[in-house]
Structure formats: structure tokens, C-alpha cells
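Colleague: So the protein lines, in turn, are chains A and B. First residue of the first sequence: 2, per the numbering used here; consecutive thereafter. First residue of the second sequence: 533, per the numbering used here; consecutive thereafter.
Keep in mind that the hints were calculated from the coordinates and are not lab data. Do not take every clue at face value.
Claimed, not checked - Below 27 Å or equal to it, Euclidean Cα-Cα: the simulated DSSO-like pairs (lysine-lysine) are:
no.: 1; chain 1: A; residue 1: K7; chain 2: B; residue 2: K670
no.: 2; chain 1: B; residue 1: K802; chain 2: B; residue 2: K759
no.: 3; chain 1: B; residue 1: K546; chain 2: A; residue 2: K288
no.: 4; chain 1: B; residue 1: K751; chain 2: B; residue 2: K610
no.: 5; chain 1: B; residue 1: K660; chain 2: B; residue 2: K648
no.: 6; chain 1: A; residue 1: K286; chain 2: B; residue 2: K546
no.: 7; chain 1: A; residue 1: K154; chain 2: A; residue 2: K227
no.: 8; chain 1: B; residue 1: K759; chain 2: A; residue 2: K286
no.: 9; chain 1: A; residue 1: K7; chain 2: B; residue 2: K766
no.: 10; chain 1: A; residue 1: K7; chain 2: B; residue 2: K546
no.: 11; chain 1: B; residue 1: K802; chain 2: B; residue 2: K817
no.: 12; chain 1: B; residue 1: K610; chain 2: A; residue 2: K286
no.: 13; chain 1: B; residue 1: K751; chain 2: A; residue 2: K287
no.: 14; chain 1: B; residue 1: K766; chain 2: A; residue 2: K286
no.: 15; chain 1: B; residue 1: K670; chain 2: A; residue 2: K287
no.: 16; chain 1: A; residue 1: K288; chain 2: B; residue 2: K817
no.: 17; chain 1: B; residue 1: K817; chain 2: A; residue 2: K287
no.: 18; chain 1: B; residue 1: K646; chain 2: A; residue 2: K288
no.: 19; chain 1: B; residue 1: K606; chain 2: A; residue 2: K286
no.: 20; chain 1: B; residue 1: K606; chain 2: B; residue 2: K546
no.: 21; chain 1: B; residue 1: K546; chain 2: B; residue 2: K721
no.: 22; chain 1: A; residue 1: K288; chain 2: B; residue 2: K610
no.: 23; chain 1: A; residue 1: K7; chain 2: B; residue 2: K646
no.: 24; chain 1: A; residue 1: K287; chain 2: B; residue 2: K606
no.: 25; chain 1: B; residue 1: K660; chain 2: A; residue 2: K287
no.: 26; chain 1: B; residue 1: K610; chain 2: A; residue 2: K287
no.: 27; chain 1: B; residue 1: K546; chain 2: A; residue 2: K287
no.: 28; chain 1: A; residue 1: K288; chain 2: B; residue 2: K751
no.: 29; chain 1: B; residue 1: K660; chain 2: A; residue 2: K288
no.: 30; chain 1: B; residue 1: K721; chain 2: B; residue 2: K751
no.: 31; chain 1: B; residue 1: K610; chain 2: B; residue 2: K660
no.: 32; chain 1: B; residue 1: K752; chain 2: A; residue 2: K7
no.: 33; chain 1: B; residue 1: K558; chain 2: A; residue 2: K288
no.: 34; chain 1: B; residue 1: K643; chain 2: A; residue 2: K286
no.: 35; chain 1: A; residue 1: K7; chain 2: A; residue 2: K38
no.: 36; chain 1: B; residue 1: K766; chain 2: B; residue 2: K817
no.: 37; chain 1: B; residue 1: K558; chain 2: B; residue 2: K546
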Amino acid sequence: MWSLIKVELYKIFSRPRTYIAFGAIAALIVVIQLGLKIDGDFYASFLMKDINDTLTVDGKVLNGYLICYILLQLLLVHVPLLVALIAADMISGEANLGTLRLLFTTPYSRTRWVLAKFIAASIYTILLLIWLAFLALFVSMWIFGTDDLFLMKSNYVVLIEQNDVLWRYVGAFVFASFALLTVTSLGFLLSSLSSNSIGPIVGTMSAIVFFTILSTLNIPLFTLVKPYLFTTHMNNWKEFFDIQVNANNEAITGSILNIPKIKTSLVVLTLHIILFVSASIIIIKKKDILS
Amino acid sequence: MFGVFCYYVMSVIKVQNISKHFGSLKAVDDLSFEVQAGQVFGFLGQNGSGKSTTIRMLLSLIHPTSGQIEIFGKRIEKDREAILEQVGAIIERPDLYPYLSAREHLELFAKVRKQKIGEADINATLEKVGLAHRAKDKVQTFSLGMKQRLGIGIALVHNPSLIILDEPTNGLDPQGIADIRQLIQYLAKEEGKTVLVSSHLLSEIEQVAHQILIIHQGKKMVEGVTKELLDPEKRIVQIKTTDDANALKVITAGSFSNYLLPRGEGVYLKIPTREIPLLNESLVKAEVALLGIETKNSLEDYFLQITSNA
Chain A
2 MWSLIKVELY
12 KIFSRPRTYI
22 AFGAIAALIV
32 VIQLGLKIDG
42 DFYASFLMKD
52 INDTLTVDGK
62 VLNGYLICYI
72 LLQLLLVHVP
82 LLVALIAADM
92 ISGEANLGTL
102 RLLFTTPYSR
112 TRWVLAKFIA
122 ASIYTILLLI
132 WLAFLALFVS
142 MWIFGTDDLF
152 LMKSNYVVLI
162 EQNDVLWRYV
172 GAFVFASFAL
182 LTVTSLGFLL
192 SSLSSNSIGP
202 IVGTMSAIVF
212 FTILSTLNIP
222 LFTLVKPYLF
232 TTHMNNWKEF
242 FDIQVNANNE
252 AITGSILNIP
262 KIKTSLVVLT
272 LHIILFVSAS
282 IIIIKKKDIL
292 S
Chain B
533 MFGVFCYYVM
543 SVIKVQNISK
553 HFGSLKAVDD
563 LSFEVQAGQV
573 FGFLGQNGSG
583 KSTTIRMLLS
593 LIHPTSGQIE
603 IFGKRIEKDR
613 EAILEQVGAI
623 IERPDLYPYL
633 SAREHLELFA
643 KVRKQKIGEA
653 DINATLEKVG
663 LAHRAKDKVQ
673 TFSLGMKQRL
683 GIGIALVHNP
693 SLIILDEPTN
703 GLDPQGIADI
713 RQLIQYLAKE
723 EGKTVLVSSH
733 LLSEIEQVAH
743 QILIIHQGKK
753 MVEGVTKELL
763 DPEKRIVQIK
773 TTDDANALKV
783 ITAGSFSNYL
793 LPRGEGVYLK
803 IPTREIPLLN
813 ESLVKAEVAL
823 LGIETKNSLE
833 DYFLQITSNA
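Working from the sequences, and respecting the hints, build out all of it.
Modeller: Here it is as C-alpha cells:
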């Protein structure tokens, strides 16, 4: 199995297309970091304008931790689209190229090949996330320094001490990896249904956009299905940055406000991954390879 | 000392009544055949006759609608992995990864074989298919013929005992075609491989195959030993002259009229080999401006005859 995964990884990283996502993420992050470095004070004062009269904040609000949070808010919505470029091409791309028949005439079952391809696509996704984490978190920490993380939520503010932040990012990135792997598995499923790459790539992107809209609409009909949509849960990495308070309304270091919500989301996302990958295996096993 | 020698011919491929339907289309219809060990088996048919569908079923790329396939005495649907370990194949077009080199392709496919395939095996395969000098070049710079050679290399790199070649001469120049023909003969004669080779270039099959099977619209038309099917006693010849009318006059007036074949253009006869010199003599005597007498009794003629009567 490992030899199949190595072969798939070799193919992924031999293609120029693979590096588009890495380049796109780097370009976006650098541009945002540059903008905030130049005009960061203006941005911070804009953020604080509603609470300046009631709250005095000392220290460096616009520090590396906040920059990373801003970047994740912006990018974790778009990274799935970049993931789809590779994941949705894993099977359909080979069918289109005609190489799927070369793979399926080797002495390994189709199930093994599909799993190897999924694992390889997952490794690519995780590497993309690590790249994102490196640039968004560590480079931001290096450029902007560190301090307590001050977050403006819709009707309250959260202040997390700087020594309580880093593990939350680790948790958030682990959670984000589940969210992105769900996208990977969806792209993979659509890829198993098609013999060209464009359809599954566009299909994956469309599905994400469609279900995200359903997840955000507060219409009773959609409220029923919302808990079961993967897009409802993809952004719950933010829960790592909601902190519990004690009776005196003081933040409890090392706490998370809603752990069950995170657990539920992880279960829903994992079930989606299992469902999508299992469906891909069944489809490929039954499929006549005509390409 | 006495020894008892038991000789039997083992069927490497045994296909029993396989059919494949795509909706209402019967791509392969109740096809049965056997390929014996060490044999070069020619699988013939026009484009769309069901050759590639049959080969894909042999390689478990397509699931048969009905029927049974045994390779090395094992059922393909039950022992697929054990069977494919000993099979090397190219199927139709040489589709490869454009961003990888020839060597990378062989290394890649060597990794997914259970046999230990080293650097020396890869070099030997590159030599065998004539790509050693382009080993490091990306496939996107290759001609169709070079891709075809690399496809054959991938099929051979793990030293399989059964080689299935679907249209292996596609895109090759005459020298390339001759090289592949030699390679097939070498694999069967010197290395004892069993080779199933399909083609619509029938003259190529004629020169390498011990046994041939012709299919048409998914059905078996004829199967047999190549030499027997071709009947060397009778040959189809084309009389090439500058004046076909005069040649026809001589032929119809003499004892050769029974051999004349009704063809649209040109003068063709199906004639016993021993009578060809007599025909030549008669034409020369009658002062027909003779350019040549060309033997046309190839599988191509045989094939056309069989499929046009179907």
C-alpha cells in the first residue's frame, strides 16, 4: 500500500499544477501581511471604533496572533477551492489521460488504488494547510510580534492571554484539516464519477458554494438540514477561540466555551469523509474502465 | 535409463462464452477461445469489432455481462491480483504521464510490481524498446511511436509470462513496426512468453502469429492455425500492367479465367502457386506490358473475404 501512496505522491508533486495552490496562498498572505504592516494602525482603530469609549486596550492589538486569525477567516473559505483542484482530478484526471487503465492492470485491487489516491490527496491537503499555518502564524508572529489575542465577536469581545493562544491555533489547524479533508473526499467522489477533470473541479466548488449558502440562510426549511451539512461545521475552528469565563466574568485560561460543538462538528465531518470515500470505492469497483 | 516424457499444451488464456453488452449494443457476443503457452496469438478484427473490449475483459478493466475467463488456470474475477502479477499489457493508445520521463515511467511501474525490479532491469527494458537515448526526456516531447515503445516497455519491465498487446504498432513508422515484430518473435521464441497481439494491420499479424482469431461485430468469425488458414497452395495475385483490358482479354480467353476474382479495380486472380509461372508466360507471349505479378494472399485478403461475407 505504501508503494502505491509513494507513486501517487510522486505524480502529484511532479505536476506544475500542484504548486499553484502553494503559490496562491503565499501570494495572498504576503499581500495581506504587507497591507496590514503598512496600514495596520488604521485597520486596528477601525476595529476598535465601537468600543473605544467603553474599553481601554493596552498593548499591541495588531500582533501576529490576530493577523493569523484574520488570515484564517479570509483564507479557510477559499482554500477548499484550491484543494478541489487536485482532489477532484485524482481519478478523473487519470481517466481523461487514459492512464487509469495502466494502474488498474497492476496486481493491486481497485480499492487499494482508490485508498492510495485518497491518502495521497489528503497528504497534499495537509501539506497545504501546514504551509498556510507556517505563513499565516509563524511568519506573522515574526513580522508583527506577539501579544494577547483580542477578538471582536458579534456582541462581545474575547481576550486571550498570549501564553494561552498557541495551542488554540494547533487545535484550530487540526480541526481545519478535517474540514479540508471533507472537501478532498467530496472532490474525490465527484472525480470517481467522471472521465474529465473540469466537471468534478467545478462540481466540488459549486457544492461548497451551494451548501455554504444553505448553511448561512436562516430559513426554517433549511434549518432542519443545516446540522447535517458539512459546510455548517467547516468554520467551527473558531470555537477554539471562544473562552469560558468565571463568575466574575474573567477568562479561564486553557478553557474552550463549547467543546461539544467542536466534537459534534468533528464527528459530522468524519462521517462525511467516510461516506464520500466509501462511495468512491464502490463506484470505482463497479465501473467499466473504458477510457 | 528410461524416462517418460509427458507433453501437453497448457492453456494460458481460456475464454468461455463471454459477452459484453453496453445497453442494447452487443460489443462482444458469446466469444470463446484459448491461447496456448508460448504461442503468439493474433487477435484480428476491424475497428469497433470488439477486440479492445475483449482485451479489457481479460485484464478485468471491464466486467463481462456473461461468460468466464481463466488465465493461468485461475478465474480473473477471483484471482485478479495473482494473474495480473504475471501479465504485461498495453491497451490501445499509449497514454502516459506527459510530465514524467521514460525512465520515471518505468521506475514508477516497477514500484507497483511485487517482483524486485532493479536499475539494471530498467536499463535493459529501455534498451529493448530502443529508448535508452531518450530515457531522461519528458514524455510530452515524444512522438506517438516513442510513446508506443514506452508503453511496451511498461508492459515488459516486470518480465511477465503473458504479454497482451493491443494494437502495438499504432503510430510506428515502418522500421518501428519491423522492430516490434522482431520483439514479439523474440519474446515468444527466445523467452518463451505467451503473446496475445491484436491489430487491424493484418499483414503484421500474419508474420508473427501461430494462431489467429478473427472477430467481427463482437462475434468469432474464424479461428485456426495461421498457416492452415492461409492455404499456401492458393495465392491471390494482382497483375500489374499498363493495359488491364488486354491482360483481362488474355486471362479470360485461356485456362486462367476460373481463377479471376471480381474486384472493382485492378486484375486479381486466386491461383495455385505452381501456375503463377504459366500465367506469367502467357501474358508475356501475348505481349501484355507487364509491370509485375504481386502476391496478395495475406491475412488482409483473407480477413476482407471473411468479414465481407459476414
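Colleague: Hints first: check each against the structure and report whether it holds.
Modeller: Verification of the supplied hints:
Using a Cα cut-off of 27 Å, the hinted pair K7 of chain A and K670 of chain B holds, with the two alpha carbons roughly 20 Å apart. Among the hinted pairs, K802 of chain B with K759 of chain B is consistent with the structure: their alpha-carbon atoms are about 17 Å apart, no more than 27 Å. With a C-alpha separation of about 24 Å, the suggested pair K546 of chain B and K288 of chain A falls inside the 27 Å cut-off, and the hint holds. Proposed proximity of K751 of chain B and K610 of chain B is supported: the alpha carbons are some 26 Å apart, at most 27 Å.
Distance check on the hinted pair: K660 of chain B and K648 of chain B sit about 19 Å apart at the alpha-carbon level, within 27 Å; holds. A threshold of 27 Å between alpha carbons decides the hint, and for K286 of chain A with K546 of chain B the separation of about 24 Å falls inside it, so the pair holds. Under the criterion of a C-alpha separation no larger than 27 Å, the hint pairing K154 of chain A with K227 of chain A is consistent with the structure, at around 22 Å. The hinted pair formed by K759 of chain B and K286 of chain A fails the criterion: a straight-line CA distance of about 42 Å is larger than 27 Å.
Simply put, K7 of chain A and K766 of chain B have alpha-carbon atoms about 58 Å apart, too far for the 27 Å limit, and the pair is violated. For the hint pairing K7 of chain A with K546 of chain B, the CA-to-CA distance comes to about 35 Å; that exceeds 27 Å, so the pair is violated. The hinted pair formed by K802 of chain B and K817 of chain B meets the criterion: a straight-line CA distance of about 21 Å does not exceed 27 Å. Among the hinted pairs, K610 of chain B with K286 of chain A is consistent with the structure: their alpha-carbon atoms are about 14 Å apart, no more than 27 Å.
Between K751 of chain B and K287 of chain A, the direct Cα distance comes to roughly 25 Å. Compliance with the 27 Å bound is thereby established for this hinted pair. Distance check on the hinted pair: K766 of chain B and K286 of chain A sit about 51 Å apart at the alpha-carbon level, beyond 27 Å; violated. Using a Cα cut-off of 27 Å, the hinted pair K670 of chain B and K287 of chain A is violated, with the two alpha carbons roughly 34 Å apart. The hinted pair formed by K288 of chain A and K817 of chain B fails the criterion: a straight-line CA distance of about 67 Å is larger than 27 Å.
For the hint linking K817 of chain B to K287 of chain A, the alpha-carbon distance of about 69 Å lies beyond 27 Å, and the restraint is violated. Taking the CA atoms of K646 of chain B and K288 of chain A, the gap is about 25 Å. The hint holds against a cut of 27 Å. Under the criterion of a C-alpha separation no larger than 27 Å, the hint pairing K606 of chain B with K286 of chain A is consistent with the structure, at around 20 Å. Taken as a hint, the K606 of chain B and K546 of chain B pair is honoured in the structure, with Cα atoms around 9 Å apart against an allowance of 27 Å.
Straight-line distance between C-alpha atoms of K546 of chain B and K721 of chain B comes to about 22 Å, which keeps the hinted pair within the 27 Å bound. Distance restraint check for K288 of chain A and K610 of chain B: the Cα-Cα separation of roughly 17 Å lies within the 27 Å cut-off, and the hinted pair is therefore satisfied. Distance restraint check for K7 of chain A and K646 of chain B: the Cα-Cα separation of roughly 15 Å lies within the 27 Å cut-off, and the hinted pair is therefore satisfied. Of the pairs offered as hints, the one joining K287 of chain A and K606 of chain B holds, with about 21 Å between alpha carbons and a cut-off of 27 Å not exceeded.
The suggested pairing of K660 of chain B with K287 of chain A is violated, with an alpha-carbon distance near 37 Å, which exceeds 27 Å. Taking the CA atoms of K610 of chain B and K287 of chain A, the gap is near 15 Å; set against the 27 Å cutoff, the hint holds. Between the alpha carbons of K546 of chain B and K287 of chain A the distance comes to roughly 23 Å, so the proposed pair stays at or under 27 Å and holds. Between the alpha carbons of K288 of chain A and K751 of chain B the distance comes to roughly 24 Å, so the proposed pair stays at or under 27 Å and holds.
For the hint linking K660 of chain B to K288 of chain A, the alpha-carbon distance of about 35 Å lies beyond 27 Å, and the restraint is violated. In summary, the hint linking K721 of chain B to K751 of chain B is not supported, as the alpha carbons are separated by about 30 Å, beyond the 27 Å threshold. A threshold of 27 Å between alpha carbons decides the hint, and for K610 of chain B with K660 of chain B the separation of about 33 Å lies outside it, so the pair is violated. Among the hinted pairs, K752 of chain B with K7 of chain A is inconsistent with the structure: their alpha-carbon atoms are about 43 Å apart, more than 27 Å.
Taking the CA atoms of K558 of chain B and K288 of chain A, the gap is about 18 Å. The hint holds against a cut of 27 Å. Distance check on the hinted pair: K643 of chain B and K286 of chain A sit about 23 Å apart at the alpha-carbon level, within 27 Å; holds. Our distance criterion of 27 Å between C-alpha atoms is broken by K7 of chain A and K38 of chain A, whose separation comes to about 41 Å. For the given pair, K766 of chain B sits about 24 Å from K817 of chain B by alpha-carbon distance, which is consistent with the 27 Å threshold.
Distance check on the hinted pair: K558 of chain B and K546 of chain B sit about 21 Å apart at the alpha-carbon level, within 27 Å; holds.
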